[in-house]
Amino acid sequence: MVKDNYSIYICGVGGQGIIKTSTIIGEAGMDEGLNVVMSEIHGMSQRGGSVSTEIKIGEYKSSIIEDHTSNMILGFEPLEVVRGLSKANKDTSLVFNTYPIVPAQITGTNSYPNVDSIVSSLKDNYNKVYPVEGSKYAEEAGNILSLNMVLLGSAVAVNSFPIEKENIIKAMKNNLNEKFHKMNLKAFEYGYNAIK
Amino acid sequence: MAYNQLVNGKKGDKHFLLGNEAAVRGAIEAGLSVAATYPGTPSSEIGNILSFIAKDAEIYFEFSTNEKVAMEVVATSAVSGLRSFTFMKHVGLNVASDSFVTTAYSGVKGGMVVLVADDPSVFSSQNEQDTRNYARLANMPLLEPSNPQEVKDMVVYGFELSEELEIPVIVRTTTRVSHMRGIVEFGDIKPQNGKNIEGKHYNVGHFIKNPNAYVPVPANSVGMHKRLTEKIEKLQKKNSSLPINQVVEIKENAKIGVISSSSAYNYAYDVAVLDNLDMKILKLTLSYPTSYDLIYDFIKDLDMVFVVEEVDPICEREVLMTVGMNGLNIPVHGKIDKTFPMVEEFNCDIVREGFNKILNYTDTNISFDLSSSLEKIIDNLPTRAPTLCAGCSHRATYYGVKQALKEAYINEDNVIFASDIGCYTLGLNSPYNIVDYLLSMGSSVGDGCGFAMATDQRVISFIGDSTFFHSGVSPLINAVHNKQNFIVTVLDNRITAMTGGQPNPGMPVDGMGDEAPEISIRELALATGASFVRVINPLNLKQTVDTYKKALENEGVSVIIAKSPCTLIKGVNKKPPVKVNYDKCNKCDSCINNLACPAISKIEGKIVVDTSMCNGCSICSQICNYDAFEIIN
Numbered sequence: 001m002v003k004d005n006y007s008i009y010i011c012g013v014g015g016q017g018i019i020k021t022s023t024i025i026g027e028a029g030m031d032e033g034l035n036v037v038m039s040e041i042h043g044m045s046q047r048g049g050s051v052s053t054e055i056k057i058g059e060y061k062s063s064i065i066e067d068h069t070s071n072m073i074l075g076f077e078p079l080e081v082v083r084g085l086s087k088a089n090k091d092t093s094l095v096f097n098t099y100p101i102v103p104a105q106i107t108g109t110n111s112y113p114n115v116d117s118i119v120s121s122l123k124d125n126y127n128k129v130y131p132v133e134g135s136k137y138a139e140e141a142g143n144i145l146s147l148n149m150v151l152l153g154s155a156v157a158v159n160s161f162p163i164e165k166e167n168i169i170k171a172m173k174n175n176l177n178e179k180f181h182k183m184n185l186k187a188f189e190y191g192y193n194a195i196k
Numbered sequence: 001m002a003y004n005q006l007v008n009g010k011k012g013d014k015h016f017l018l019g020n021e022a023a024v025r026g027a028i029e030a031g032l033s034v035a036a037t038y039p040g041t042p043s044s045e046i047g048n049i050l051s052f053i054a055k056d057a058e059i060y061f062e063f064s065t066n067e068k069v070a071m072e073v074v075a076t077s078a079v080s081g082l083r084s085f086t087f088m089k090h091v092g093l094n095v096a097s098d099s100f101v102t103t104a105y106s107g108v109k110g111g112m113v114v115l116v117a118d119d120p121s122v123f124s125s126q127n128e129q130d131t132r133n134y135a136r137l138a139n140m141p142l143l144e145p146s147n148p149q150e151v152k153d154m155v156v157y158g159f160e161l162s163e164e165l166e167i168p169v170i171v172r173t174t175t176r177v178s179h180m181r182g183i184v185e186f187g188d189i190k191p192q193n194g195k196n197i198e199g200k201h202y203n204v205g206h207f208i209k210n211p212n213a214y215v216p217v218p219a220n221s222v223g224m225h226k227r228l229t230e231k232i233e234k235l236q237k238k239n240s241s242l243p244i245n246q247v248v249e250i251k252e253n254a255k256i257g258v259i260s261s262s263s264a265y266n267y268a269y270d271v272a273v274l275d276n277l278d279m280k281i282l283k284l285t286l287s288y289p290t291s292y293d294l295i296y297d298f299i300k301d302l303d304m305v306f307v308v309e310e311v312d313p314i315c316e317r318e319v320l321m322t323v324g325m326n327g328l329n330i331p332v333h334g335k336i337d338k339t340f341p342m343v344e345e346f347n348c349d350i351v352r353e354g355f356n357k358i359l360n361y362t363d364t365n366i367s368f369d370l371s372s373s374l375e376k377i378i379d380n381l382p383t384r385a386p387t388l389c390a391g392c393s394h395r396a397t398y399y400g401v402k403q404a405l406k407e408a409y410i411n412e413d414n415v416i417f418a419s420d421i422g423c424y425t426l427g428l429n430s431p432y433n434i435v436d437y438l439l440s441m442g443s444s445v446g447d448g449c450g451f452a453m454a455t456d457q458r459v460i461s462f463i464g465d466s467t468f469f470h471s472g473v474s475p476l477i478n479a480v481h482n483k484q485n486f487i488v489t490v491l492d493n494r495i496t497a498m499t500g501g502q503p504n505p506g507m508p509v510d511g512m513g514d515e516a517p518e519i520s521i522r523e524l525a526l527a528t529g530a531s532f533v534r535v536i537n538p539l540n541l542k543q544t545v546d547t548y549k550k551a552l553e554n555e556g557v558s559v560i561i562a563k564s565p566c567t568l569i570k571g572v573n574k575k576p577p578v579k580v581n582y583d584k585c586n587k588c589d590s591c592i593n594n595l596a597c598p599a600i601s602k603i604e605g606k607i608v609v610d611t612s613m614c615n616g617c618s619i620c621s622q623i624c625n626y627d628a629f630e631i632i633n
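The listed protein sequences correspond, in order, to chains A and B. Under the working numbering, think of the first position of the first sequence as 1, with each following residue one higher. Under the working numbering, think of the first position of the second sequence as 1, with each following residue one higher.
Among these hints, one or two may not hold up.
What the hints assert, rightly or not - In silico DSS-like pairs for lysine-lysine, Cα to Cα no more than 30 Å straight-line:
{"no.": "1", "chain 1": "B", "residue 1": "Lys-14", "chain 2": "A", "residue 2": "Lys-173"}
{"no.": "2", "chain 1": "B", "residue 1": "Lys-570", "chain 2": "A", "residue 2": "Lys-179"}
{"no.": "3", "chain 1": "A", "residue 1": "Lys-90", "chain 2": "B", "residue 2": "Lys-570"}
Hints are computed from structural coordinates only; laboratory data are not their basis. Quick caveat, the model's predicted, so the values are computed rather than measured.
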C-alpha cells in the first residue's frame, strides 16, 4: 500500500548535475530502508535543454509524479521551477537557485522574466518558498560545479525532508569523486545553513 | 555506484540502478560472452557500460556499424553456442529486422536476448512504434519488465528461455523502464558457455554445420517455419501457468479487472491503490505468445475489463478475441473504445482519467487559482529547447552553407535540405532552418537521390560521421551510379555525439578501448567515384563558403567532409574564449540572430559572452561586421 510517501521533482538545465543529485537522494533512501523509484530523461540533456528527474519515496511502482502532488520541487534554475509548477500544490516546498541561465534568444522569442518578480509571485502563491543564492555559495565553496550539492543541502534542511542528513552525506561520498569531497561537503553545508 | 560493482557484486547485494544498468547485470548473471550494439536512446547506457567493463567481465563487446550488423554478430555467436546479447532503440530494430526475423527460423544454441527500448512520447526518436508488433511478426517470445529489478530478472530469464527453446527472446522496455532507477537485488553469476582459449579474454564457441537448419532457402524455410511455430505453441501452453505473469488483487473478490504490462502496469497499480478501487490486475510479463487461457481464466467472472497498455492496442485486441472466442459478454475498455489515448506515454493522471470515464468515481479536474502576476509569467515562459552546444562545428557549417547560397545568388526556397539522425537535426530550429526532410538513419543521402531526380530544386544533404558509416555509404554509391546531382555533407565531428560519445569506425579505437583501424570517409567517397570530394575545417568560415560555392557549380555528386571534433569529447582542447569590445559593438544583434550560440546572450540590451561556456570556435568574430569580438589571451 502507498504510505509514508514523499515525492521530489528536480528540474534545471542539462549539465547542472541533476541526475547525480537525484541518484544520491535515491541511494540514501534505499540505505534507510525506504522504497525509492526515480525517473530520468537522458539523451538531449547535454544540449542545453530543460532537464528534470522525479523521485518517489514510499511503496510506489510508478516513477512519474502526479500533477499537483509533489512534496518538493528542487529547482536548479528559477525559470525551470516555474515550468515545473504543474507538479506543485500550495504546500509544496519550492527550494531553488535564484541564478538564471538565460536560454539562447533570437528576436521574437519571449524574454527572460525578472528573477525578483518570479520569487515574489511564487511567494504570493505558495506557502513554502525557499530561494537560495546557490550559484554564489557554489563559487564560495570552490567551483560552480558544486551547485548541485548546495541545493542538495538546502533540500535536506527543509523540515519535511524524509531522509537523514548523515545518510545523504554517506551517499554523496559513494557517488562523487573523492578528490572533491571537501569542496562538495562545504557546498552542502552552505546550502543546508541557508535554509536552517 | 561504480560500474565494476555490476561485475563484482555478490548475490544479495542491493544497488539503486537505472533499468539499463540492471540489464547489464542481468546479462552478466546469465553468463554472457558476446554483446554488440549500435547506440540509440533510450538503450545507449547499456553499451556505454559494457564498453567500460567488457574486459573485466570477460565479455567481447563491439559498437557495430549498425543494428543489423550487431544482430548478425550476436546471432552467429549464439548459433555457435555462446550466450549473446544485442540491444537497440525501437527504430534500430527496423534496421536489424531483415536478419532479425530470420534468426527465429535458424534458431540458436546458446541463449540470445534482443533488448529493444521503445520510446512512447518520443523523447529522443523519430516515431513511437511498438516493438510488441515485431514479436508477432517474427513469432518470437517477448518479455515486458516494468522496473529495473524486473529488467535484470527478465534478461536472465530471457537467456534461459532462449536456450531452452533454441530461439532468440525479445525483452521490450520503454523509456520509463530503461531510464527508471530503482532498487535491484543481485543474483548469482552463471559460468559462460564455450571454452577459454589463449589470446582471447572471452570464451569462444564452436559452430556445428547443419545447412538444413541454418540456410533458409525455399527447400528448408517451410520446415524451419514449422519448427518455429511448434516451439511457440509449446511456450504458449506453458505461459498459462508461468509465475512471472501475476494476478494482483487490489481488493478481494473484485469484479473489475485490469490487464496491463510494462510501465503502464505501474500507473494502473498506483491509481488502483491510491483511489482504493474495486479491482484486480493481471500483470503480463511474457506477453507473447499470448496465453488466451490465462486471459480467459482472469476475465470470465468479471463485470468489466480495462486494458492499460502504451502505444498500440495489441493486448486489447487479444482480450477482445478471447471474449469473442468464448462467447463472453464482458465490456473491454481500452484504446479502441477511446477510454485511453492512442498516442504518447501514460502516467497516473491519464490512467485515472480513463478509469473515471467509465467508473465516474472522482473529480479529476484539480485546478489551482494563481495570482495574475504568476499566470503572466507562466504564459510567457521562454522555451528552452535543446540547442547546438557553444562552439559546435555544425553551427559553423550551417552558417557557411547559407552564406555560400547567398553569395551564389541561390534562393533557399529552391534548395532542399535533406537531414539525418544526430545532433545536427537540431538545425531544424531557428535561426538555422536547415532541415526540410528526414526519415531515418542514413536517409539524407537516399532522400537526396530522390529529390535531385524528382524536382528542379537543388539538394544539400547532411549526415554525421557515425550515421554515414551506419547507412550512408550504400546510398552514396546509388547517387553516383545513377548520375544524380547534389551535395552530400558529412558532418564529421569524430564521434557518435548525440548518444553520448561512442566511438565509430572513423576513429582509431574500438568498443573495448583497443586500438583499431581508422576508416577514411574521404577515401570511401573517392572510391564511389564522386566527382568532387573535399575535406574542410568548418570553423574556417571562408574555406567553408568557398568550398560550397565550388560544389554548387559542380555537376554530379559532391561530397564535403566538414571535419572538426565535437566539443564534448574529453581531452579536446578548448580554445581561448572571446569577449565583446563595447566600443566596437554596433548592437546589430547579427550574432544572436544568426548563430543562437548558448554562450552569447543579450542582457539588459548588451551582448554578453559567457566565457565559462565559450569554446573559442571564433565563428562569432568571423561573422561580426564590426570586429567586436576579441579573443581573451
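Structure-based check of each hint:
no.	hint	in the structure
1	B:Lys-14 to A:Lys-173	17 Å, holds
2	B:Lys-570 to A:Lys-179	19 Å, holds
3	A:Lys-90 to B:Lys-570	44 Å, violated
Checked against the numbered hints given earlier, this structure breaks only hint 3.
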